[in-house]
Structures are given as C-alpha cells and as structure tokens.
Amino acid sequence: MKLKTLKILAGTTAALLLTAGVATAESPKRGGILNFVVGSKIPSMDGHMEGTFGMIHPIRPFYSTLIRVNPANPSSTTDFVCDVCSSFSSSDDGKTHTFVIRQDIKFHDGEPLTAADVKATYDKLVFPPKGILSLRKKFFSMVDSITTPDKYTLVMKLKYPSPTFIPSVAMPFNFIYSKKDLDTHGYTWHQKNVNGTGAFVFVQHQPGAFVEGKRFDGYHHKGKPYLDGYKAISAPKMAVRLQAIRGDRAAIEFRGFPPKARDDLISALGDKITVQEGDWNCSLLVTPNHKAKPFDDKRVRRALSLAVDRWTGSKALSKIAIVKTVGGVVFPSHPLAATKDELTKIPGFWTDIDKSRAEAKRLLKEAGQSNLTFTLLNRAVDQPYRILGVWLIDQWRKIGVKVTQNAVPTGPWVDSLRKKKDYQVAIDANCQSIVNPIVDVSKYLGSASNNYAQYTDEPMESMHEKMSRSGDEAEQRRIMRQFEQRLYGEEAHIIPTLWWYKINPHRSYVKGWKIAPSHYLNQHLDQVWLDK
Amino acid sequence: MISAAVFADQIAMYNPEVNDFAAMLQAPSLDHIFGTDEFGRDIYSRIVHGARTAMLVGFTAAICGSTLGLLVGVTSAYFGGWVDITVQRVIDVLIAFPSIILALAIVIILGRGVGPVIVAITIPLIPNCARVVRSSALAIREIPYVDAARAMGFGHARIVLRHISPNIMAPYLIMLTTFLGQAILAEASLSYLGLGVQEPTPAWGLMLKSGAEEYAESAPWAVIFPGVAISLAVFGFNLFGDAMRDVLDPKLRDR
Chain A
1 MKLKTLKILA GTTAALLLTA GVATAESPKR GGILNFVVGS KIPSMDGHME GTFGMIHPIR
61 PFYSTLIRVN PANPSSTTDF VCDVCSSFSS SDDGKTHTFV IRQDIKFHDG EPLTAADVKA
121 TYDKLVFPPK GILSLRKKFF SMVDSITTPD KYTLVMKLKY PSPTFIPSVA MPFNFIYSKK
181 DLDTHGYTWH QKNVNGTGAF VFVQHQPGAF VEGKRFDGYH HKGKPYLDGY KAISAPKMAV
241 RLQAIRGDRA AIEFRGFPPK ARDDLISALG DKITVQEGDW NCSLLVTPNH KAKPFDDKRV
301 RRALSLAVDR WTGSKALSKI AIVKTVGGVV FPSHPLAATK DELTKIPGFW TDIDKSRAEA
361 KRLLKEAGQS NLTFTLLNRA VDQPYRILGV WLIDQWRKIG VKVTQNAVPT GPWVDSLRKK
421 KDYQVAIDAN CQSIVNPIVD VSKYLGSASN NYAQYTDEPM ESMHEKMSRS GDEAEQRRIM
481 RQFEQRLYGE EAHIIPTLWW YKINPHRSYV KGWKIAPSHY LNQHLDQVWL DK
Chain B
1 MISAAVFADQ IAMYNPEVND FAAMLQAPSL DHIFGTDEFG RDIYSRIVHG ARTAMLVGFT
61 AAICGSTLGL LVGVTSAYFG GWVDITVQRV IDVLIAFPSI ILALAIVIIL GRGVGPVIVA
121 ITIPLIPNCA RVVRSSALAI REIPYVDAAR AMGFGHARIV LRHISPNIMA PYLIMLTTFL
181 GQAILAEASL SYLGLGVQEP TPAWGLMLKS GAEEYAESAP WAVIFPGVAI SLAVFGFNLF
241 GDAMRDVLDP KLRDR
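Chains as they are written, first to last, in our numbering: chain A, 1 to 532; chain B, 1 to 255.
Since the hints were made in silico from the structure, they are not lab data.
The reader is advised that the hints may include incorrect statements.
Stated by the list, open to error - Examples of chain A residues lying across from chain B (beta carbon under 8 Å, computed):
#1 ILE166
#2 LEU182
#3 PRO259
#4 ALA261
#5 ARG386
#6 ASP394
#7 GLY400
#8 LYS402
#9 ASN406
#10 ALA448
Fair warning: this is a prediction, and the values are worked out from it, not measured in the lab.
We put the CB at the ideal spot given by N, CA and C, even for glycine.
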C-alpha cells in the first residue's frame with residue numbers, strides 16, 4: 001500500500017514537473033490524428049445557443065472567433081489576442097471598439113470572410129430576433145451598435161464603457177458564421193450544420209458516437225494546425241473515458257477527471273501520463289424553481305442552503321469528485337472574490353453547521369414546511385453531478401427534508417431547465433470560460449437567458465448594472481459583496497455548492513495544449529501536436 | 001433474501017443512505033463487514049436494503065406479468081377465432097423485441113423510478129406467460145366440463161376465471177417463479193444503465209454501476225458484493241422455479 005502511494009506521488013511529481021516545462025523548448029511535429037473522449041453529447045452544434053462542453057469540445061475546432069484567449073497563456077484573465085482580426089483598439093472613452101479583420105481568411109466552403117460576416121454573427125449574438133436563443137446576449141447588453149465602415153473593419157459602439165466587453169468578445173462560444181449561411185439558411189441552420197473558418201473542416205458527426213474533423217489547409221494562422229485531424233469520441237461513462245486513455249484509444253479528455261482516476265492512470269502508466277491541474281471557473285448550483293411552491297418562499301430556499309455543510313463537504317468530496325473550493329459568487333482566487341471572513345458571514349457559509357441547521361429547521365417550521373419533500377432534477381453525468389446530488393440529498397435529510405432524485409441525460413435535463421421548466425429544484429452549473437467575474441455572475445440575474453430559477457430581482461439587476469459600468473475595482477468589489485449577500489443570503493435565489501477543480505491527466509505525447517481555468521477555453525486545437 | 005427484505009431495518013447495521021465521510025472506501029472489517037462505498041455508506045446495509053428494492057420490483061413485476069399473461073393467454077385460447085389470431089399477433093410483435101430493449105423503451109417513455117421500472121419489466125413478461133398458458137388452455141378448453149359449464153349458462157368471465165384458469169395453475173406458478181429471477185436481473189440491468197431506481201436508494205444494479213465505474217480495482221468490495229447478491233438472488237429463484245416445476249408437473253413428480 002505504501003509502495004503504491006509512493007509510486008503515485010512520484011508519478012504525480014514527475015508528471016507535474018513535466019507539465020511545468022511543457023513543450024516550450026520542443027518544436028511541434030506535424031501530422032497524426034488526435035483522439036479524445038467527450039463525456040457528454042451534443043445538444044446542438046450552434047455555439048451561440050449552447051453552454052456545454054459536450055458541444056464545445058467536438059465543435060469548437062471548426063470555428064474561429066473574433067478574438068480569443070492567448071493559447072500560450074490561457075490562465076490569464078486579460079491576455080487576449082486576435083483570431084480573425086489583425087488588430088483591435090478602443091477609443092479613449094472606452095465606448096468605441098474597432099476591429100480590423102484579416103483579409104486572408106476563408107470559410108470551409110471557400111467563401112472569403114469579411115467584416116460583414118462578423119457583423120452578421122454579432123447581430124445574431126447581441127440582437128437575436130424573437131424566438132432565437134442567444135445564451136450570452138446579456139453579456140453584450142452594453143453594445144449599442146455594430147457597423148462595418150468598410151469591408152474589413154468592424155466597429156462596435158457601446159452605450160457605456162464596460163470592463164466586461166472585451167472578455168465577452170473573447171468567449172469561445174462566439175463562433176463566426178458566414179453571413180451568406182445566415183441569410184440563406186436562417187438562424188437555426190448552424191444547430192445541425194457546420195461551416196466555419198477554424199483549423200479543422202467538418203467531416204462527419206455520428207450522433208452519440210463521434211465527430212470527425214480534418215485539417216483545414218487554408219487556415220489563417222499559417223503553419224497550423226499541426227494535426228492531420230481529430231476524432232471526438234462520445235463516451236458518457238467516465239470508466240469508458242478513463243479506460244480509453246489507459247488503453248491509448250484516446251489521448252486526452254479535456255473536461256477533467258476526479259483525483260482517483262488521475263491516481264489510477266499514473267499508477268498504471270507512469271511517465272506516459274502527464275497531469276495538468278488547476279482551479280476551474282465552474283461551480284455547481286442548486287436552482288429552486290421560484291414558480292413552484294414552496295420554493296417561491298425565500299425561507300424555504302434559505303433553509304435548503306443553510307443545511308449544506310460546504311466546509312466539511314469540500315474536504316471529503318475533493319477526494320472523490322472534481323470539486324474542491326468553498327467560495328462565493330466570484331472565482332475564488334480573483335481579487336473580486338470574497339475572503340473567508342466575508343464568506344462566513346453569508347448564511348449557508350457559517351462555520352458552525354449545528355447553528356446553521358437549527359436555523360434551517362426554524363425557517364422550515366415557520367414556512368409550514370417541516371415535512372418538505374421534493375424531487376431534485378439532476379444531470380446524469382457522473383462528475384460531479386451524481387456525486388453532488390447524493391451529497392446534497394444527505395445534507396437535506398439532516399434538516400428533515402426528504403428528496404428523491406431524477407437524474408436524466410443532458411438533453412432532457414437542458415430541456416427541462418430551458419423549455420419545460422417543470423422541475424421543483426434542479427442542479428445546474430455556472431461554468432464560464434474566461435474568468436471575468438462581472439460577466440460570470442450575470443447568470444444570476446433574473447433577466448439572464450441562462451438563469452432557470454424564474455425570478456426577477458430588480459435590486460440585483462441594478463447592482464450588476466453599476467458594477468458593469470464602474471471602472472473602479474474597489475467599488476466593484478463593494479457592490480459584488482452586496483450582490484453576493486442578496487443572491488446567496490437574503491433571497492437565496494440560488495444555492496451554491498462548491499467550485500470545481502480541474503484535473504487533466506493525458507497521454508504525454510499530447511503537446512501544445514495548456515490547461516485553462518475553464519474546460520471551454522483553448523479548445524480550437526490549432527496549437528496541439530503529437531510527439532510520436 | 002425475503003427475510004433480508006422484510007427485516008432490513010433490523011438486520012442492517014447502518015442507515016443505507018447516510019453518508020459517512022470518515023469511513024470512505026473502507027475495506028471489509030468488523031465495523032463494515034462488506035466495506036464502504038465512496039460516500040462511506042455501509043455496503044452490507046445497502047445490500048440488505050437493496051433486497052427490498054429487488055423484491056418489490058421483482059415480485060410486483062413477476063406477479064403482475066404472469067397474472068396478466070395468464071388472463072391474456074386463457075382469454076385468447078377460450079374465445080379462439082379472430083380474438084385468438086389478433087392476440088397472438090400482438091404477442092408475436094412483443095416477443096420479437098428482446099425484453100431488455102422493450103423495457104428500456106418503456107422506461108424512456110415513462111421516466112425513471114420504481115413505478116416505471118415495474119411497468120417496464122412487467123410488460124415484456126406478459127406475452128411470454130400468455131403464450132405458454134394459451135397452449136395449456138387450448139387443451140383444457142376441449143375438456144367436457146367446460147362444455148358443461150357453457151351448457152349451464154355460465155358467463156365467459158366465470159368460465160375463464162373459475163373453470164379454466166385454476167386448471168392451469170401449474171404452468172402459471174412455474175412461469176411466476178421463473179419470472180422472479182428474470183425481473184430481479186432486469187431491475188439490476190436497468191439500474192446499472194442509470195434508468196432504474198435513482199441514487200441514493202439502495203439498489204444492487206445501481207451499487208454495481210457506481211462501484212464498477214471508478215473503484216473496481218482499488219475498492220473491489222464495492223463491486224463484488226452487489227454482484228454476488230444479484231447472482232445469488234437470480235440463482236436462488238431459478239432453483240426455486242425448477243423445484244416448483246418438479247412439484248407441480250405430474251410427469252416429474254415421481255422421479
């Protein structure tokens with residue numbers, strides 16, 4: 001047993017050391033097919049309306065974005081580089097942003113890309129017509145107009161200067177579509193069809209099985225991609241994904257494995273496995289449906305939050321799940337995040353769990369819900385949904401609440417949250433790409449299209465508006481605390497659980513890919529190569 | 001198994017649904033004779049309580065499936081003609097689907113949980129029982145006492161329920177006991193596929209799934225014990241079915 005532990009420790013150290021010096025001194029090799037596994041299916045292929053890794057991992061390499069996070073420095077919250085633009089600049093008042101579009105870009109169907117395509121894309125994202133879902137529309141609420149003064153210049157004018165604008169543009173979901181496709185086929189065509197300017201050309205999608213792409217020879221980042229192609233293999237079961245890497249049927253899984261899986265892989269494969277780890281801009285939430293009784297009563301919602309012992313849960317669950325950090329509404333290591341002192345003042349984060357649960361029981365009694373029972377809608381994905389679901393049910397049992405679970409596949413889960421809204425309480429996640437707290441917390445606004453709790457809260461809208469317009473970090477921080485207190489404490493609109501922790505063990509021959517604080521970032525794959 | 005299901009609360013050493021993070025993934029010991037799972041839940045207690053789920057689903061599905069099959073089979077044989085032809089063609093269609101595929105389709109339509117799982121397992125059992133029962137009923141239909149009952153003016157329902165059905169109890173009971181094992185296995189299969197009962201309810205298939213996913217190598221007890229429970233239950237009910245046949249089949253009785 002001791003020997004095995006030592007072996008794992010030695011393997012981890014070696015692997016992490018290897019990662020630290022990743023490929024900087026190595027020159028990329030060309031060729032090969034990257035096989036990777038994806039633990040979820042593709043609800044649709046339209047990045048503008050989706051928010052799941054199940055779509056972004058297999059589909060992102062077909063598309064470009066206007067700007068993107070620097071692939072060489074994906075952990076940075078401020079390092080953005082051009083993708084389809086050659087330069088971008090902002091006016092002194094921060095209200096006008098000009099993007100010069102490259103003139104050497106072609107769509108996979110051979111049509112050249114111009115500023116008109118980028119404008120058409122952003123018109124869909126920012127001003128979608130009624131009935132067309134743009135999941136990140138709220139992120140662009142500051143945009144006043146989008147114009148193209150000439151064929152290769154795009155100008156976005158803002159109603160007010162906002163520090164969240166550029167990070168929002170860099171989001172990996174903002175696939176650039178062809179104006180011709182949007183005009184000819186309509187705004188829903190991209191849900192099932194692909195025509196991008198990304199590093200890879202779509203070859204085929206066998207639903208539930210795999211997505212295949214091949215190198216786009218006309219890719220605008222010259223010399224890239226290094227790979228001949230890739231195959232994104234759908235494998236919802238974690239054991240299958242793990243064995244796929246172990247048996248070298250796949251080289252990597254970009255979302256993340258639990259600690260146990262990492263240890264097993266290192267133990268079995270030693271230095272053939274490299275591990276990259278880091279904090280993850282993703283947290284799992286409990287979303288009470290405010291339109292379903294008794295969850296319209298904030299006392300009930302607060303009780304559910306007060307019952308959860310996050311501090312103890314963090315220590316235990318981090319051994320078996322991809323969650324770790326107890327945090328507030330902001331990515332834990334960010335300057336805008338709550339300190340532990342500030343956090344422990346919010347109901348639900350108190351360190352005295354007995355006091356917390358006594359208060360929870362009192363609130364339930366007061367609300368006439370001492371024998372509360374409900375069904376928890378969950379996503380049938382092992383990590384961390386299943387684990388957190390079981391844990392939460394156990395936590396709620398401790399205040400006398402009886403919960404049954406309904407874990408369904410991603411499609412019906414999304415459908416229930418987004419369209420049917422037929423759940424009582426659901427597990428949802430706030431997984432963002434770029435760490436940009438003011439944008440990231442916009443999910444908690446009642447007006448956000450990806451907020452499924454069905455509430456309206458004007459004071460929160462107003463706080464968010466103020467943060468978005470403020471250039472002063474101290475002021476942003478102060479308002480963020482009020483926002484957090486109202487969201488998690490006073491109103492308990494949403495019940496937070498734990499922040500995720502990303503662990504990516506992969507075959508050591510996969511080079512050029514760097515872990516980011518999000519499993520959505522750095523997935524264009526144009527910099528990935530195989531050292532075989 | 002029946003004792004375990006009935007006296008689960010007395011036999012189990014721990015609450016099967018309560019997490020105990022101080023005892024995560026512990027190997028079998030005096031405190032936890034079958035070890036613990038990743039949530040620190042006692043596997044022995046979960047297996048004992050899992051017998052309840054297995055029995056509830058197994059018995060309900062087997063009894064409902066074989067009883068409905070009995071009624072369908074006897075009715076089909078008794079009326080004959082177009083009723084028989086129609087019923088048999090429907091049965092042909094249902095039998096054409098592998099039971100587990102049919103059950104999967106039904107669960108997807110009805111949703112998850114104990115109720116839908118019982119329905120999903122029951123429906124594929126009906127045609128199997130109906131077909132066997134019909135062949136026995138066809139023979140009994142021709143026996144003079146059925147004609148006598150008809151001549152006395154008894155209604156169809158009375159003849160079917162009181163005069164034919166009791167005389168095909170032997171094949172019915174044999175089918176019933178055979179179905180018990182099948183239903184338990186089907187419940188475990190559906191749970192393993194994530195379509196049966198839901199966590200944290202203790203169910204053998206679900207336990208097998210959770211353990212096999214991540215801990216088959218490092219904590220094999222999380223997989224072995226639920227697997228053994230399923231095997232023993234199915235084996236036991238199959239033996240019971242064989243014994244029933246031996247007792248009820250006159251040809252085998254004296255051997």
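Okay, the hints, checked on the actual structure:
no.	hint	result
1	ILE166	41 Å, violated
2	LEU182	35 Å, violated
3	PRO259	10 Å, violated
4	ALA261	7 Å, holds
5	ARG386	7 Å, holds
6	ASP394	4 Å, holds
7	GLY400	14 Å, violated
8	LYS402	10 Å, violated
9	ASN406	6 Å, holds
10	ALA448	29 Å, violated
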